[in-house]
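Chemist: Top line first, the protein sequences correspond to chains Y and D. Numbering-wise, the working numbering puts 181 at position 181 of the first sequence, and it's gapless, one number per residue. Numbering-wise, the working numbering puts 112 at position 112 of the second sequence, and it's gapless, one number per residue.
Keep in mind that the hints are not guaranteed to be accurate.
Taking lysine-lysine pairs in the DSSO-like style, the calculated list, with each CA pair at most 27 angstroms apart, reads [to be verified]:
| no. | chain 1 | residue 1 | chain 2 | residue 2 |
| --- | --- | --- | --- | --- |
| 1 | Y | 268 | Y | 146 |
| 2 | D | 149 | D | 61 |
| 3 | D | 146 | Y | 146 |
| 4 | Y | 177 | Y | 268 |
| 5 | D | 146 | Y | 149 |
| 6 | D | 268 | D | 251 |
| 7 | Y | 61 | Y | 251 |
| 8 | D | 251 | D | 177 |
| 9 | Y | 149 | D | 149 |
| 10 | Y | 146 | D | 149 |
| 11 | Y | 268 | Y | 251 |
| 12 | D | 268 | D | 61 |
No lab work stands behind these hints: they were computed from the structure.
There are 2 protein chains.
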Amino acid sequence: MTSVAGIEIVQESAPRAALEPLTALVADELQAVNRVILQHMNSQVSLIPQLAGHIIAAGGKRLRPILTLASAQLCGYQGRRHIHLAACVEFIHTATLLHDDVVDQSNLRRGLATANALWGNQPSVLVGDFLFSRAFQLMVADGSLKVLKILSDASAVIAEGEVQQLITSNDTATSEKDYLAVVGAKTAALFSAACRIGAVVSERPEDEEFALESYGRNFGIAFQIIDDLLDYSARQAELGKTIGDDFREGKISLPVILAFARADDGEKAFWRRCLESMEQSESDLTHAIELMRRHGVLADTAAYARAYASDARDALAAFPPSPIKKEMLDIIDFCVERAY
Amino acid sequence: MTSVAGIEIVQESAPRAALEPLTALVADELQAVNRVILQHMNSQVSLIPQLAGHIIAAGGKRLRPILTLASAQLCGYQGRRHIHLAACVEFIHTATLLHDDVVDQSNLRRGLATANALWGNQPSVLVGDFLFSRAFQLMVADGSLKVLKILSDASAVIAEGEVQQLITSNDTATSEKDYLAVVGAKTAALFSAACRIGAVVSERPEDEEFALESYGRNFGIAFQIIDDLLDYSARQAELGKTIGDDFREGKISLPVILAFARADDGEKAFWRRCLESMEQSESDLTHAIELMRRHGVLADTAAYARAYASDARDALAAFPPSPIKKEMLDIIDFCVERAY
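One chain only, chain Y, in its complex shape (with noise of 0.2 angstroms):
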């Protein structure tokens, strides 16, 4: 633990062990992004700082601003601006991040408490506000407003993407379409979007930006089919780990989709009951995952996820081999294989 400014921060020494070769590759400029986000995220009105710090600070694996980083050493790029712009990106998810629990109504984030439940949804609105106006002061000193257009871009599409997702919630009609247009919106926007700032900065063709943004995006949604899988997966749960939190909160994700289509009637009963009129029982959960593997769903899930890694894979043929390359496409693996 570090203390700065008055705040402590989980030191990155122990991320998921799969992220670790690409952030030992990343490691100077992650801890530089971390001086740029503490130094920033201060405020005259010490609860910001608390408040912020929290969730900054929480022992999240930084992915968002790692891509930026890994995407502009893959870019050849020399320069600093990627530091600030990946605090940017950070900000930005810290932002989103603060308004879900709130809109979730959640009370744990990776096992700690919430902002919202140590300190009521009042400030956690207000900071995420706070958070969300430092990242464009971040942009703006970076002068660069082909950034502020992709950044701007993705949080008016992330925006959209949530309440999209709020108006599918507890739909068991929700088709596949609608589940990866949210997708798309709410996970991937802001992967694609750090991942192109990356060549962005580097001022690189645009046929590499647009390689990294294809890169960015499908690994986003592959990142989240995943972790929407986990919430369902037997092995998370004897790892130890939460599982059916989306399931508790009625969230329609693909392994309900699928399993809902391939539903006999009585069993769309039970969907329904479960999620749309939300009434549970205790045993609910484990006939929910009995009778996705009943219908081989959490398989095919997978297999979604893997079409997604494998054009996220596909994204980054261009670029020459290097170690920053082949850990950015180790990660995808990872991420794929986490479900296993």
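Knowing the structure of chain Y, use the given hints to seat chain D on it.
Modeler: Okay, now just chain D, sitting in the frame of chain Y:
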């Protein structure tokens, strides 16, 4: 009522009477601003224009975008950039209103049900985020880093002010200085940014920019002080307007601070019970107003506002006489005199 893209808009034909002469001088441009607002609050996620349309169309007087248009006219601006930037200002304002109503758990705004009362907190938070992002997208399209800096700075300051207000809420130890810091951040920052932008697009010398910034800031503070005063105004009550909202929320506004400073021990206990312990009975608001009258608090609050109004007036001294200057000065007087 007009209907554009399925959204009904209350025309600006009946703003507060005293704002009419100023509004008339920018009427065509304000119609154009309304069109930009309608166009850019659209989304394929239909809940977004529904919810945004509710709050944007609900008869707001568009004071902040009018200030941008008026300031540009004062600077002799001939272009069209101010139209889009005035829309940005209104989007930022609307986003903060949506989040404010969630934070304050308000059910009514301008006599209509709030978005959170109609649709719940969740979409209100997210549509606020969407409008905020849209504001930045519009600024990026405009292409001025200077404008982006002014409005991202203002947004961060507004969020800080809102958090600070949350902290001072229910705390009778709040000082005049604390109160003025909140008002300066929460209200005056956007007024001043809105005005300054009018000079920026006109590419006028910096002293005109700062003059308009000062006009907006001082006008904003005077405006908010009077707003806080009116919440305890017997005159307002006679006119059938709601009073006592701040009292019921335990908001520590300037009238309360002055009344508490002049209170004897029994009166201090009264204020603490009502605003800190939040134990209020039917007759407490009447008693609060009576105490304020007894201590000359409302007249002194108005005197504070008048001092800022005077600074706002002085800020325009260097501009030559013109119809728009006259109306920009007259709305200051209107703002202060509406207290009587």
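Chemist: Checking each numbered hint in turn, tell me which of them this model violates, lowest number first.
Modeler: 1, 12
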